[in-house]
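Engineer: Sequence:
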Amino acid sequence: MKNIGAFFKRYWQICTGVLVVILAIGIFGYSRSQVQAASNGRTKVVFWHEMKGPGQKQLNGFIDEFNKKQTKYEVVPQFQGSYNAVIQKIMNTHGTAASPALFQSMDISTSQMYHSGYTVPVQKFIDKENYDISQIASVARGVATRNNTLLAMPFNTSQTTLYYNAGLLKKYNITPPPVNPTYSDITRVSTQLYERSHHQVKGISVEAYSWLFEQFLSNANEEFANKHDGHTGISTKVNFTGPTAIKSMTWVQDRVKNGDFMNFGSHKNEMAAFLSNKLGIYMQTSADMSALAKGLGKNLGVTYYPRPDGQKANGISVGGASLWIANDKSEAVQQGAWEFTKFLVNAKNQAKWEKATGYLAINRDSQKESVLQKSYAKLPMLKVPGDQLRSAQANYTNSGIFVDGVVAARSLVENAMQQIYAGKDVYKSLKVAEDAYNKTLAANNLANGWTKGKS
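So the sequence shown is numbered by UniProt numbering: it starts at 1 and just counts up by one.
No wet-lab data here; the hints were simulated from the structure. Hints should not be assumed to be uniformly reliable.
What the hints assert, rightly or not - In silico SDA-like links for lysine to any residue, alpha-carbon gap of 20 Å or less:
hint, residue 1, residue 2
1, 439, 226
2, 68, 343
3, 355, 53
4, 237, 427
5, 431, 407
All chains, please: the whole structure from these sequences, using the hints.
Structural biologist: Spelled out as structure tokens, the structure:
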């Protein structure tokens with residue numbers, strides 16, 4: 001027993017020694033990196049992002065260029081995974097040395113970021129130097145605006161776009177839909193394609209995705225939630241059973257009943273069917289544009305998001321993410337974050353960003369840049385999503401949903417959409433989702449002390 005005890009004592013002495021060495025190496029490495037960062041005389045700006053693939057490649061290119069073109073700031077990119085993951089990390093690290101100076105946050109987390117109190121509105125920097133914010137698309141700004149104050153700078157911006165296979169339409173002698181189509185315009189094309197192909201090609205698909213449902217409401221100027229979608233106060237009720245909600249979902253269900261609808265549920269598999277000529281029309285993010293253009297070339301057709309018959313298009317909100325500046329860093333670091341933000345959204349870089357990623361250039365002057373002019377000359381349809389973005393002026397219903405917990409609402413809407421696609425009553429399906437989310441919303445408001453619709 002004595003020998004065994006001596007053995008374990010010696011074992012733990014060795015382990016402790018190894019641990020001390022590891023910690024010493026780690027501290028030395030950390031200190032060394034800190035000295036290196038300080039020795040170049042630059043202010044370090046840590047930037048958390050969620051870009052992968054072409055987006056990450058282009059973003060890294062921007063960062064390298066920014067760091068080389070000036071000597072005051074050094075932007076340090078750190079990939080953090082999904083949008084949801086970043087939000088949680090921001091909440092957990094704010095106020096510590098581990099938190100970033102600049103970070104991306106998705107459109108539907110705007111309310112959460114605003115109420116966190118962890119950020120500095122970019123309006124502070126805009127006002128300080130009279131930065132011309134009008135060069136940034138109105139609707140893109142709308143999603144991150146509260147009380148006429150721009151909270152964050154839109155960056156990787158997308159909109160929902162309607163895609164059609166122009167090659168299939170030509171094959172079956174079908175007149176394409178107009179650029180700004182109504183539901184009836186799309187119905188005509190979808191049914192003709194289904195019938196003239198002898199049911200070999202499905203006309204249309206609408207993913208059971210709440211973002212698409214939200215855009216139907218937005219384009220008809222119908223609110224998703226009260227208090228003008230949360231832009232003028234804390235929303236206390238959602239609206240999933242208004243006239244447009246019923247009309248749009250009835251329209252989709254009619255396509256299912258007619259047989260020209262391809263039902264993918266809530267899974268994004270439409271692109272494969274679309275590129276293989278099995279599906280004629282689908283609606284998804286404009287960020288799909290690059291992949292679709294590579295697959296179909298000049299046979300890719302693009303229109304604005306459809307609107308109800310007899311109604312003028314109100315415009316739709318943007319997806320993607322904005323850039324937020326954290327308030328737990330020094331003024332020098334915050335200024336560096338702002339300088340880099342301006343660099344990312346200038347006309348030249350937004351043109352490069354659209355070309356490389358499919359996200360929309362939010363700077364109005366980007367259209368003058370040769371990189372986009374050449375792309376549009378080669379494939380004119382690439383210009384349509386940007387035209388849709390610029391065609392609308394921001395208002396409450398096309399500026400996104402300023403409500404906490406939208407992710408929960410989306411799952412309820414998507415369940416209702418799938419029930420509707422399965423033939424269930426449209427109103428009843430949406431009403432179940434509406435009632436369920438109103439309870440969630442009430443509980444959330446109570447927990448946050450927002451019982452009177454004020455934050």
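Engineer: Against this structure, judge whether each hint is valid.
Structural biologist: Verification of the hints:
no. : hint        : in the structure
1   : 439 <-> 226 : holds (14 Å)
2   : 68 <-> 343  : holds (13 Å)
3   : 355 <-> 53  : holds (14 Å)
4   : 237 <-> 427 : holds (17 Å)
5   : 431 <-> 407 : holds (18 Å)
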